[in-house]
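Chains as they are written, first to last, in my numbering: chain A, 3 to 292; chain B, 43 to 330; chain C, 8 to 299.
Rather than coming from a laboratory, the hints here were simulated on the basis of the structure. Hints should not be assumed to be uniformly reliable.
Covered stretches of chain B, going by a simulated chain A footprint (3 or more residues, C-beta under 8 Å) [what the hints assert, rightly or not]: (1) 179-186; (2) 233-246; (3) 311-322.
A few chain B residues that face chain A, going by a derived Cβ cut-off under 8 Å, partial list only [said to hold, decoys possible]: (4) N126; (5) M131; (6) P133; (7) C135; (8) V137; (9) G163; (10) M164; (11) N170; (12) R201; (13) G207; (14) Y272.
All values derive from a computational prediction rather than experimental measurement. Note that CB positions come from ideal geometry on N, CA and C, so glycine has one too.
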Amino acid sequence: MFEAGRFAMVRGRVLEPLMTLAVWGSALLVAGAFLWLVGDLLWHGAERLSWAFLSSSPLNAGRTGGIGPILVSTLLILGVAVAAAVPLGLATAVLLTEFLRPRSRFGRLVGLSLDVLAGVPSIVFGLFGNAFFSVFLGLGFSILSGGLTLACMVLPILIRTAEASLRAVPDDWRLGSAALGLSRTAALRHILLPAASSGLVAGLLLGVGRAMAETAALIFTSGYVDRMPSSLFDSGRALSVHIYDLSMNVAGGDGNAYASALVLIGLLILINGTALYLAEHWLNRRIIAP
Amino acid sequence: MTQTLDRHSGCSPSIDAGTYTVGPLQSGPPCCVPEPLIRVTNLSVSYGDHPALKDVTLDIYKGCITALIGPSGCGKTSFLSALNRLTDMIPGCRVEGGIRIGGQDILAPRLDVSALRREVGMIFQKPNPFPLPIRRNIEMPLREHGMKKRADLDETLERVLTDVGLWAEVKDRLDKPALALSGGQQQRLCIARALALAPSVLLMDEPCSALDPIASGIVEDMIAQLRGRYTVVIVTHNLAQAKRIANYAAFFWLRERGGTLVEFGHCRQIFEAPAHDLTAAYVSGMRG
Amino acid sequence: MIWSKHSISSPSRTDARLAGWLSIAAGLAAAVLVLIVLFLLHESWPVLNRIGWLRFLTDAAWHPSEGLFGLAPMLWATLASSTGALVLAGGLGVASALFCRFYAPPSAARPYRRMVTLLAGIPSVVFGLWGLTVLVPLIARWQPPGASLLAGILILTLMILPTVALTADAALAAVPKAYLHGAAALGMSRSGTILRVVLPAARSGIIAGLLLAAGRALGETMAVLMVAGNVVQTPHSLFDPVRTLTANIALEMDYATGEHRAGLFVSGLVLSGMIILLAVAALRFGGARSHV
Numbered sequence: 003m004f005e006a007g008r009f010a011m012v013r014g015r016v017l018e019p020l021m022t023l024a025v026w027g028s029a030l031l032v033a034g035a036f037l038w039l040v041g042d043l044l045w046h047g048a049e050r051l052s053w054a055f056l057s058s059s060p061l062n063a064g065r066t067g068g069i070g071p072i073l074v075s076t077l078l079i080l081g082v083a084v085a086a087a088v089p090l091g092l093a094t095a096v097l098l099t100e101f102l103r104p105r106s107r108f109g110r111l112v113g114l115s116l117d118v119l120a121g122v123p124s125i126v127f128g129l130f131g132n133a134f135f136s137v138f139l140g141l142g143f144s145i146l147s148g149g150l151t152l153a154c155m156v157l158p159i160l161i162r163t164a165e166a167s168l169r170a171v172p173d174d175w176r177l178g179s180a181a182l183g184l185s186r187t188a189a190l191r192h193i194l195l196p197a198a199s200s201g202l203v204a205g206l207l208l209g210v211g212r213a214m215a216e217t218a219a220l221i222f223t224s225g226y227v228d229r230m231p232s233s234l235f236d237s238g239r240a241l242s243v244h245i246y247d248l249s250m251n252v253a254g255g256d257g258n259a260y261a262s263a264l265v266l267i268g269l270l271i272l273i274n275g276t277a278l279y280l281a282e283h284w285l286n287r288r289i290i291a292p
Numbered sequence: 043m044t045q046t047l048d049r050h051s052g053c054s055p056s057i058d059a060g061t062y063t064v065g066p067l068q069s070g071p072p073c074c075v076p077e078p079l080i081r082v083t084n085l086s087v088s089y090g091d092h093p094a095l096k097d098v099t100l101d102i103y104k105g106c107i108t109a110l111i112g113p114s115g116c117g118k119t120s121f122l123s124a125l126n127r128l129t130d131m132i133p134g135c136r137v138e139g140g141i142r143i144g145g146q147d148i149l150a151p152r153l154d155v156s157a158l159r160r161e162v163g164m165i166f167q168k169p170n171p172f173p174l175p176i177r178r179n180i181e182m183p184l185r186e187h188g189m190k191k192r193a194d195l196d197e198t199l200e201r202v203l204t205d206v207g208l209w210a211e212v213k214d215r216l217d218k219p220a221l222a223l224s225g226g227q228q229q230r231l232c233i234a235r236a237l238a239l240a241p242s243v244l245l246m247d248e249p250c251s252a253l254d255p256i257a258s259g260i261v262e263d264m265i266a267q268l269r270g271r272y273t274v275v276i277v278t279h280n281l282a283q284a285k286r287i288a289n290y291a292a293f294f295w296l297r298e299r300g301g302t303l304v305e306f307g308h309c310r311q312i313f314e315a316p317a318h319d320l321t322a323a324y325v326s327g328m329r330g
Numbered sequence: 008m009i010w011s012k013h014s015i016s017s018p019s020r021t022d023a024r025l026a027g028w029l030s031i032a033a034g035l036a037a038a039v040l041v042l043i044v045l046f047l048l049h050e051s052w053p054v055l056n057r058i059g060w061l062r063f064l065t066d067a068a069w070h071p072s073e074g075l076f077g078l079a080p081m082l083w084a085t086l087a088s089s090t091g092a093l094v095l096a097g098g099l100g101v102a103s104a105l106f107c108r109f110y111a112p113p114s115a116a117r118p119y120r121r122m123v124t125l126l127a128g129i130p131s132v133v134f135g136l137w138g139l140t141v142l143v144p145l146i147a148r149w150q151p152p153g154a155s156l157l158a159g160i161l162i163l164t165l166m167i168l169p170t171v172a173l174t175a176d177a178a179l180a181a182v183p184k185a186y187l188h189g190a191a192a193l194g195m196s197r198s199g200t201i202l203r204v205v206l207p208a209a210r211s212g213i214i215a216g217l218l219l220a221a222g223r224a225l226g227e228t229m230a231v232l233m234v235a236g237n238v239v240q241t242p243h244s245l246f247d248p249v250r251t252l253t254a255n256i257a258l259e260m261d262y263a264t265g266e267h268r269a270g271l272f273v274s275g276l277v278l279s280g281m282i283i284l285l286a287v288a289a290l291r292f293g294g295a296r297s298h299v
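The shape of chain A in the complex, shown without the other chains (with noise of 0.2 Å):
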């Protein structure tokens, strides 16, 4: 007894210093490796940003000049996907939560296939869509074949974060508004829905935010043109195929592309910190709290 004591003792005096060091060097090792890349892209993108970057065209294939056809464009293609994906996601996950029994077969069999496609990469999703929505459905590289692409990309997260927000609100006030003789239909709309609101919308944002940051599913789907569009049946570039193919495929072009990736993260931090912020704050305090 003691002397296993002793032995304890012994291994924890190494141990203990041993751990702690590994612990701290990891975290410094990462919060280096962030400070770095986070630094250089300021150092490098910081100086071209400018009200004339975010609103002219490029010029001589990106090298110089601005990003403004390709903002429109990233809208564009964002927009399609939130238009196809929010009404096919809201209802599913209303269908999943408020409709259908814990366990039913269709549930099931729904959420069991939301998984599996949350799992494809996203490269695939670029086959499909050429395949499907180009190809098959005529609709060449567009707009909206980049759209729809990432509405199929998205639709996981957003069923997956309504789902869980439409089972946060408390069950009070289902029971309550059934013994009113009210509809399910109306508990939704006027209840359930709006209660849940400030998760619909972390979700929402969420999902933008991850199909703003995909660039493999929409390289062959909505293209490379980076002219300003004058339809969602026209090519269009987003701005993350931009930075690629600035960085790739241009000699040159790396200070462009810099800026736009400082363009594409601000965008990023603003539409997944008020996610954030949504799901935390509010959330909590309309329904927790009372």
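Please arrange chains B and C on chain A, whose structure you already have, making use of the hints.
Showing chains B and C alone in chain A's frame:
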């Protein structure tokens, strides 16, 4: 917790004898004609394989307050939920037997459940006002059930809030969120919300147990005033409260195959001359 | 009654109608997966039908125009880069989570967690850009050409680290406080508590996170494409330039036609198969944790 203690300390038998309004003993339901509104026959409720309530037969009289008493888990809430088919909401819940309200079989599969639930209102243990303004809490269900005229809505709003003694307290802040009200006010708002639909029956599942003693007293007095106008079925763990406000009492007990009804009778008879040993032990505080 | 009960359609009928519409939408959402599988199979069919599955593993090289469809070198590159990244990110990620929960002073834990969340939000193309302009030249100074398996592993590590760190953090948070109090009551040291109480208790959550991260690493395209050099060869050292399955698709899809295009869809199928297996395994582990 404090509430139960408080209630018990203030309920010596002599005070209680004076507070409830009864007609001649054992000669029929007090305060109203002995007309059964709800007839429950051989009612059993089970959740999956787990029986919650077994073989209950019971009449509930119109215009009276009937208290359901007994220990936790003996099926009182299941009984209550069967009366407005809220059991439909619970996955795997099976209801067998017969329930007739005003002669109509409410377990019929083709029944308009929404109409039933308007006729049979329900108040829950935890006040559950919707996250809407006070006014909309009452108007929203009314609108959903087809009342559209502003004047009708306003009239109903004022009437039901006055009925629950809330009008004076909230008439200047009808557009403030209902969740900002105190617990007792919230519960009274919920009762008003149920009353707005002009039900004939009110089911109450321990409506005072989540409230502090003062709020609980106010809500209790308010419920007592509903007697005669509504048929009230109230589940309570607070025996003193049952004694003070109920005309009839039904004593439930947990048997090995789910809860059962042990004894039903006039409130005074159940508390002062119970026919069954279990009842006697329970009401005297020896069991349960 | 002050209003007619029959003036409005019965709520149960409105509900039934809404449920009908919702079911159609849910069916569509579920159909997306079916559609993806169908189109992948349909597009790969020409070449699968002619040469079968096996040749994709046994062919000596990837020269689709000459009828050679060997995916093996790229499969090895994918596995090597993902495994390397998983080992590094696993260690660093779990250490980061431990740092947040047990080692960091409270004033540091919050910003650190914020930082990891931010890192998780950085798009892969930006990691690729940074790797291409900073990491690759750095490695090139040491072992040219720089664009290599090592660069791919390091960039992937950074990318999947937040996944590991955040899931491990959640798993650590879910360890009951009573365990910690119990360990403290027994006089266990901090490292002993962590190694023998906390990590075993959080094991399934951490493994689920690692599996998720592995899926991300296998499926990642852009970052690896930008830094790994893209030469189709089986890697023999960390400094060899390699091309992963995903990068191959992205690089050749632009101009591929006929059987070449079909071959790319086959690699997409292979990739999806691997990742879906991982995802299902991760769900199993995640599910197991929620039941404990």
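Hint check, N170(B) versus chain A [nearest Cβ-Cβ separation less than 8 Å]: The hint holds - N170(B) has a Cβ within 8 Å of chain A, the shortest such distance being about 4 Å.
Hint check, M164(B) versus chain A [nearest Cβ-Cβ separation less than 8 Å]: holds (4 Å)
Interface restraint verdict for R201(B) against chain A (beta-carbon cut-off 8 Å): With Cβ-Cβ at 17 Å, over 8 Å, it is violated.
Hint check, M131(B) versus chain A [nearest Cβ-Cβ separation less than 8 Å]: Holds, about 6 Å.
Evaluation of the interface hint that places G163(B) against chain A, nearest CB under 8 Å: holds (7 Å)
Hint check: 8 Å Cβ-Cβ cutoff, Y272(B) to chain A: violated (15 Å)
Check of the region 311-322 of chain B against chain A for coverage (Cβ-Cβ below 8 Å, three residues minimum): It is violated, with 0 qualifying residues against the three required.
Minimum beta-carbon distance criterion (8 Å), G207(B) to chain A: violated (21 Å)
Proximity test - 8 Å, beta-carbon atoms, the region 233-246 of chain B to chain A, at least three hits: holds (count 3)
V137(B) as an interface hint toward chain A, with CB separation required under 8 Å: violated (15 Å)
Closest C-beta approach of P133(B) to chain A relative to 8 Å, hint status: Holds - the Cβ of P133(B) comes within 8 Å of chain A, reaching about 5 Å at its closest.
Residues of the region 179-186 of chain B with Cβ under 8 Å from chain A, three needed, outcome: holds (count 3)
In this structure, the hints that do not hold are numbers 3, 7, 8, 12, 13, 14, in rising order.
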